[in-house]
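Okay, here's what each chain looks like letter by letter:
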Amino acid sequence: MNKQKSYINFIVKRYFASRKKVKMISTTSVITIIGTFLGTFAIIAALSVMNGFRDMVFQRTRNMSPALTFYVKNTPEETQDNLLKELRESPDFSVATPTLERKMLISAGKYQQLAFIKGIRPEEYEGIMNIRPYLQEKQALTDDLAQTLFPEILLGLSLANRIGVSVGDTVTLVSLLDIRNYTAPSIRCVVRDLFNVTVFDYDYRAYMHLLDMQYLLDEPAYHQIETELVREKMLPLVQKDWQSRVPESLRVANWWEEHLELFSAMQIEKIATFLVLCLVILLAGFNLIASLVMLLLEKKWEIGILQSMGCASRDAYRIYFRLGWYTGGLGMMLGLISALLLLLIQQYFPFFVMPGAEDVYIFRYVPVIVNFWDVLFTVLVVSLLISLASLLPARRAARIRPLEAIRTKQ
Amino acid sequence: METIIAVNQLCKSYLSGGQSLRVLDHIDLQVRRGDFISLMGPSGSGKSTFLNIIGTMDAPDSGEIVIAGQNVTRMPETQLALFRQKHIGFVFQFHYLLPEFTIEENVAMPLMIGGTRRPEALKTAREILDYLGVADRGHHYPAEISGGEKQRAVVGRALINRPDILLADEPTGNLDKKSGQRMLELFKKIQKDFSQTFFLVTHDEHIAAIADINYQLDNGKLSKII
Numbered sequence: 000m001n002k003q004k005s006y007i008n009f010i011v012k013r014y015f016a017s018r019k020k021v022k023m024i025s026t027t028s029v030i031t032i033i034g035t036f037l038g039t040f041a042i043i044a045a046l047s048v049m050n051g052f053r054d055m056v057f058q059r060t061r062n063m064s065p066a067l068t069f070y071v072k073n074t075p076e077e078t079q080d081n082l083l084k085e086l087r088e089s090p091d092f093s094v095a096t097p098t099l100e101r102k103m104l105i106s107a108g109k110y111q112q113l114a115f116i117k118g119i120r121p122e123e124y125e126g127i128m129n130i131r132p133y134l135q136e137k138q139a140l141t142d143d144l145a146q147t148l149f150p151e152i153l154l155g156l157s158l159a160n161r162i163g164v165s166v167g168d169t170v171t172l173v174s175l176l177d178i179r180n181y182t183a184p185s186i187r188c189v190v191r192d193l194f195n196v197t198v199f200d201y202d203y204r205a206y207m208h209l210l211d212m213q214y215l216l217d218e219p220a221y222h223q224i225e226t227e228l229v230r231e232k233m234l235p236l237v238q239k240d241w242q243s244r245v246p247e248s249l250r251v252a253n254w255w256e257e258h259l260e261l262f263s264a265m266q267i268e269k270i271a272t273f274l275v276l277c278l279v280i281l282l283a284g285f286n287l288i289a290s291l292v293m294l295l296l297e298k299k300w301e302i303g304i305l306q307s308m309g310c311a312s313r314d315a316y317r318i319y320f321r322l323g324w325y326t327g328g329l330g331m332m333l334g335l336i337s338a339l340l341l342l343l344i345q346q347y348f349p350f351f352v353m354p355g356a357e358d359v360y361i362f363r364y365v366p367v368i369v370n371f372w373d374v375l376f377t378v379l380v381v382s383l384l385i386s387l388a389s390l391l392p393a394r395r396a397a398r399i400r401p402l403e404a405i406r407t408k409q
Numbered sequence: 000m001e002t003i004i005a006v007n008q009l010c011k012s013y014l015s016g017g018q019s020l021r022v023l024d025h026i027d028l029q030v031r032r033g034d035f036i037s038l039m040g041p042s043g044s045g046k047s048t049f050l051n052i053i054g055t056m057d058a059p060d061s062g063e064i065v066i067a068g069q070n071v072t073r074m075p076e077t078q079l080a081l082f083r084q085k086h087i088g089f090v091f092q093f094h095y096l097l098p099e100f101t102i103e104e105n106v107a108m109p110l111m112i113g114g115t116r117r118p119e120a121l122k123t124a125r126e127i128l129d130y131l132g133v134a135d136r137g138h139h140y141p142a143e144i145s146g147g148e149k150q151r152a153v154v155g156r157a158l159i160n161r162p163d164i165l166l167a168d169e170p171t172g173n174l175d176k177k178s179g180q181r182m183l184e185l186f187k188k189i190q191k192d193f194s195q196t197f198f199l200v201t202h203d204e205h206i207a208a209i210a211d212i213n214y215q216l217d218n219g220k221l222s223k224i225i
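In order, the protein sequences belong to chains V and E.
Numbering of the first sequence is given in numbering that gives the first Met the number 0, commencing with residue 0 and proceeding in unit increments.
Numbering of the second sequence is given in numbering that gives the first Met the number 0, commencing with residue 0 and proceeding in unit increments.
For reference, chain E alone in the conformation it holds in the complex (with noise of 0.2 Å):
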């Protein structure tokens, strides 16, 4: 299968205390498209740095990332911002959904970024949210419906570009077990339907079960858990 992530070498380090901190040493990795992978390890280990960097949303140090083809290394910025709105789609751990737009225009947001006209987008992201089981909520605000309804709208908001790779940062973190656990459903859900590449951080073992493929990042090193 193609490889849709592809990194050779990275490594990022931050000052901390007057002190050099190694948080990615000398990392390689490959992704394949429609994996399903979990990257796992104590809090400060470097998971988000590591799923930043991938995101094009942070620089590494030294080393070299190809997505979908693409070296993102040393892209411009403004290369950065359309390669993400192609190519990315993040899931953060709280929702970010923007409070003046209804969750139909937060979901529609990245296909109107990328130049989608405001009715098809919204079109779009209805039948996203039809998907996502929240259609329903597509005209209220953020701060009128649930935190578990917030998140699977995010997940659209991701999705709607149809990304070569979803990263998610702790998705489940905000939300109770049994709203964690329908969202890891719909991440297999979607995973199955859409052969959609995951890349997702965690620190607990039992999300990262779902996964097909589980990593460790320790000390700056990652590791397959096997």
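Same shape as in the complex, but just chain V (with noise of 0.2 Å):
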């Protein structure tokens, strides 16, 4: 620290601590520092939960989406076959399953609704799907078709509350996109279980076997074939390995590439919920304007004898200039210390109960992540804001010539 700051500082923290002696000054301070520690407060708090949630459906669509998906419908069966017995002896991948998807109508009683049906292997896809934990009476599809009486299919419980059905239920599913001599193939199924992820994409959606489907649909074919890598982190390197590997009609997409519409929503949500909040911030910006004017009125003489005695216009600007951040700045260090405090104590040792989540999201409490770079670009912009603000004061200050202003003392 240099000899002329320490004076600045000596200045600006009696300057700071005599404010309370005049209650309007006083009034506006206290409400920028309010201010600026509920808008970082909120903000840091609003950007580590959304962090949550969005760790929180990252976590249950990986839990419900392949690694890599290898679109094959459009390929021969001979090529199908091939890539399947390639991929499964592939060192890259822990499970290689083939799956059929298809927008059918599905319907119980009067009530219909179109959804995506999967038709899959059950046992081998529950090395790709952990869609247990989500089940509601524990009970998956059944791999061996010689077991069971009807077809049987798994529902998200926002398609089955939609067609009123329930677990043990029958419904009916009509592919119509299928029609043939004006009649669309159809297929009676029970329903084995109810699943409830809460994302939207999933709980719309149905699974069935994949000998059922292509039964339904009378095609022997795959329309996809989903793997699960046996190292995660390896999968952009295996991605572009095995895009360069399968003809170029034939697309490889990850499960980041599959959900990229979900995730760019959040990520818009997450930057507009930090913009409205920036707006507590500006209010308390233009608190502080207001409170360091006021005082630079009520001290303009003396910023005119400071200067007599040798304090340089620039000093006068720091002068205020520091003023504005040590009430700004205190209500940022408050907001940010009281947050980082409060969510990680969140994140690591949950306490703060969500009423009514256990039901709806399968979560007890409210999920946090303290993110280290929205905490700095928070910081970094109510610094912004705070420095913004305090220009205006710290600019009229150094235009203070010292005549001028001793004589408003007089």
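Derived by calculation from the structure, the hints in this document are not laboratory data.
Note that this is a predicted model, so its numbers are computed, not measured.
Fair warning: there could be bad hints in the mix.
Mimicking DSSO-like on lysine-lysine, the simulated pairs with C-alpha atoms at most 30 Å apart in a straight line are [to be verified]:
1. E:K85 to V:K408
2. E:K176 to V:K408
3. V:K408 to V:K12
4. V:K12 to E:K85
5. E:K176 to E:K223
6. V:K408 to E:K177
7. E:K191 to E:K176
8. V:K12 to E:K122
9. E:K85 to V:K299
Some but not every residue of chain E turned toward chain V, in silico, with C-beta under 8 Å [said to hold, decoys possible]:
10. M56
11. F89
12. F100
13. G113
14. R117
Beyond 12 Å from chain E on every Cβ pair, some chain V residues (computed) [to be verified]:
15. F115
16. K117
17. V365
Idealized CB from N, CA, C, for every residue including glycine.
Put the complex together from the two separate chains, hints included.
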């Protein structure tokens, strides 16, 4: 710390402490401190909770999605079989399983709904999709069709509610896209179980045995080959490698790309929340300007006297700029410390229960993830707003002429 | 003896009622180190304006001022602030002590502005206050001491940097007769002890009488009173 700085800080500290004597200035200063405190706290808390929710959605989406999907729908059966064999033999993959997917009309009684139905090999598919935690009755699809009387189906809870069915009820699947000779292929299935992932994309879906679906669609080929990796971290490299090995027309997509719209929407929501909460800081910034300008009017002659003793205009600027920072910065630091303290405790030792969340989201506590870059960015933006708000009074202080200022006291 | 203030052909005008009023008209002045100068004149004659220009707080329309060998007439504001801090001390009619700071801190302020560390500056301030006879008031705030004590503290603040010139604008104007007399005696003591140059502005002949050299400012013209 240089010598000049120490005298400026000495004056700033004394001015900051003395403001309580002037009621109006004190009130606006307190509002500024509260405003920056609340704004900083709210931004960091909101972003951290959104991170927590996003992470939860990521985890659930990942649990329900294959790492890499090979879209083989338009390739010959022979190519599909060869690729499936190649993938199963590759050391990159722990699972490679064929699937079929079709948008169909699902009906029960007078209720109908269009939904995506996926045909899977139940046992193999467990390596891809960990659906068990989300099943209401913990009853997965039967792998061996010989042990079932009717085709079975797993329905997403939202879909089931839409058509008014529950476990054990019968639904009819009609593939409208496969109408031949004025009739659409259809099949009746028993609802084996309902799942509730609390991710909209999934809770309007349904799963059935691959063979039942092939029978329904009269289609022996597959639409996709879904895979899981031995080493998750290798995903980008493996994807690139296999994309170059398969025909160009065959698309290889990872789980992230498959849900890009959802993730982008969540990111936009996070940015929008941040911007809206910045308005709180902006409001505190206007308060800061008001309190500093009032203080400057009150103490204009003191700046004049300091200037007569050798205080330069730039030092008068620094005094008021730092005074702004003492006020706004205090609020920001209080907001930052209390937010980090509470949120990190919530992240590692959750205590804040979200009312009703256990029933709806299958978790009890508010999910929180404190992200270093979010915190840093928040501090930078709040700092920028405090600096901008301090700039105007500081520039006015720097423009004070000593004689004119001293005369205001006479 | 060394010339500490040299004023050459100094002019300053103000606009008054739409007309230009020249308060300083081609003024020349030489002040030697250790001189005690008084400047008298009726109200509105431009005494304070002249003092403020010498103190670099105001700028002339034309002419030149050299203080301690440096031409301050066209010095940039940042350099002027530094110049004031090193070479000039002010004693105003009103005390103008900063209310949030103790007397010691007020007196130490010019040193701190100049870059001296606070403990050292406060130590020097205590020594000055002791010299001025108000050492026991060092820890008090301006609102807690008398007018005479305040004015002594202001003298201390003006002296602490050992300035080349001490400018005083009606320094006793706000004091009772007794306190005013003590203040003048103090000025003479300081002049004697430190060979301090004084430039005092007053409209009171009795006060002016303590100076070694007296000047009169009237209708913009400066004349020596013999």
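Hint-by-hint comparison with the structure:
1. E:K85 to V:K408: With Cα atoms ~25 Å apart, E:K85 and V:K408 stay inside 30 Å; holds.
2. E:K176 to V:K408: Holds, at about 24 Å.
3. V:K408 to V:K12: holds (23 Å)
4. V:K12 to E:K85: OK: V:K12 and E:K85 at ~25 Å, within 30 Å.
5. E:K176 to E:K223: holds (27 Å)
6. V:K408 to E:K177: holds (26 Å)
7. E:K191 to E:K176: The hint holds at about 23 Å.
8. V:K12 to E:K122: At roughly 21 Å apart (the allowed maximum being 30 Å), E:K122 and V:K12 satisfy the hint.
9. E:K85 to V:K299: holds (23 Å)
10. M56: Check passed: Cβ of E:M56 comes within 5 Å of chain V, closer than 8 Å.
11. F89: holds (5 Å)
12. F100: With a minimum Cβ separation of about 6 Å from chain V (threshold 8 Å), the hint on E:F100 holds.
13. G113: holds (6 Å)
14. R117: holds (7 Å)
15. F115: holds (72 Å)
16. K117: holds (74 Å)
17. V365: At roughly 46 Å from the nearest Cβ of chain E, V:V365 sits farther out than 12 Å, so the non-interface label holds.
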